[in-house]
Each structure stands twice: as C-alpha cells, then as structure tokens.
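Participant: Sequence:
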Amino acid sequence: MIKCTVKSLPTGSTQPTNKKAMSMVNPEKVFLVSGQMQEQKAGGRQGLSPQVIQRVVVAQDPVEALRMLGEAEPLFRPLGHASLADYEDTAKRLRAAAEGHSSEWSILTA
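Heads up: the sequence shown begins at 1 in UniProt numbering, then just goes up one per residue.
Don't take every hint at face value.
Said to hold, decoys possible - Computed Cβ-Cβ distance ranges for the label pairs, DEER-style:
id	residue 1	residue 2	range
1	V52	P74	32 to 42 Å
2	L32	P74	18 to 28 Å
3	P62	R93	28 to 38 Å
To be verified - When the alpha-carbon atoms are kept at most 25 Å apart in a straight line, the in silico DMTMM-like pairs for lysine to aspartate or glutamate are as follows:
id	residue 1	residue 2
4	K41	D89
5	K41	E64
6	K29	E73
7	K29	E71
8	K41	E71
9	K92	E28
10	K41	E104
11	K92	E73
12	K41	E88
13	K29	E99
14	K92	E71
15	K41	D86
I should point out that these hints are in silico values taken from the structure, not numbers from a laboratory.
In this text, a Cβ means the ideal position worked out from N, Cα and C, and glycines have one as well.
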C-alpha cells in the first residue's frame, strides 16, 4: 500500500472534484497510461498530437482504468498501460542487474 493524494471523479461525471484526500492505495490498482491527445489539424482534419503524455488512474483493473480515462478525457488516445506494481517490480529487477546481484537482464550502454 502507498499513501497518495487522490482527486476523485464522481460517478457519471467527466470532471474531477476539487476535493483532494490522502488515501492508501494498492500499487496494483494504480495504472500509468501513456497516450496522445486527439487534436484538430490544418483543414479541419483530426489527428494526434506528436507528444506522448502520461495519465495516472486508480481503478480495479486496466479495463476500468481505460474506461474511466475515456470518460474523463474523451480526446485522450491510450497507447499502453502498466500498473505501478509492474513499474516497481521492473525498477527492482533493473537495480539488481545494475548492481551485479542478478544476471536476469543484460544492460547495454552507449
């Protein structure tokens, strides 16, 4: 469990409340979603911003996270997602390989 500040999205609303509260959150229910914003291009065409941005969503599972994000930001187009627990596990494994405690990964340097 991690302690974090949470802005809530009321059921049926597309705008988060201004209320912030400290909450204990399971890292397996915190999803980091990468995506791009849909935008109006020249000549009225629809396109995607070249910039990839991150959003953080607390949800029961990735499907719910993407649904909630779609409701809150209809112009956001997700590219991929991972849970905070996945990121923490990856960081732990990378650190072990970098420190020579694991041969699970090889690290290439340029």
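Participant: Hint by hint, say whether it matches the structure.
Facilitator: Verification of the supplied hints:
no., hint, in the structure
1, V52 / P74: 32 to 42 Å, "violated, 18 Å"
2, L32 / P74: 18 to 28 Å, "holds, 20 Å"
3, P62 / R93: 28 to 38 Å, "violated, 21 Å"
4, K41 / D89, "violated, 40 Å"
5, K41 / E64, "violated, 30 Å"
6, K29 / E73, "holds, 19 Å"
7, K29 / E71, "holds, 18 Å"
8, K41 / E71, "holds, 23 Å"
9, K92 / E28, "holds, 15 Å"
10, K41 / E104, "violated, 45 Å"
11, K92 / E73, "violated, 32 Å"
12, K41 / E88, "violated, 38 Å"
13, K29 / E99, "violated, 29 Å"
14, K92 / E71, "violated, 33 Å"
15, K41 / D86, "violated, 36 Å"
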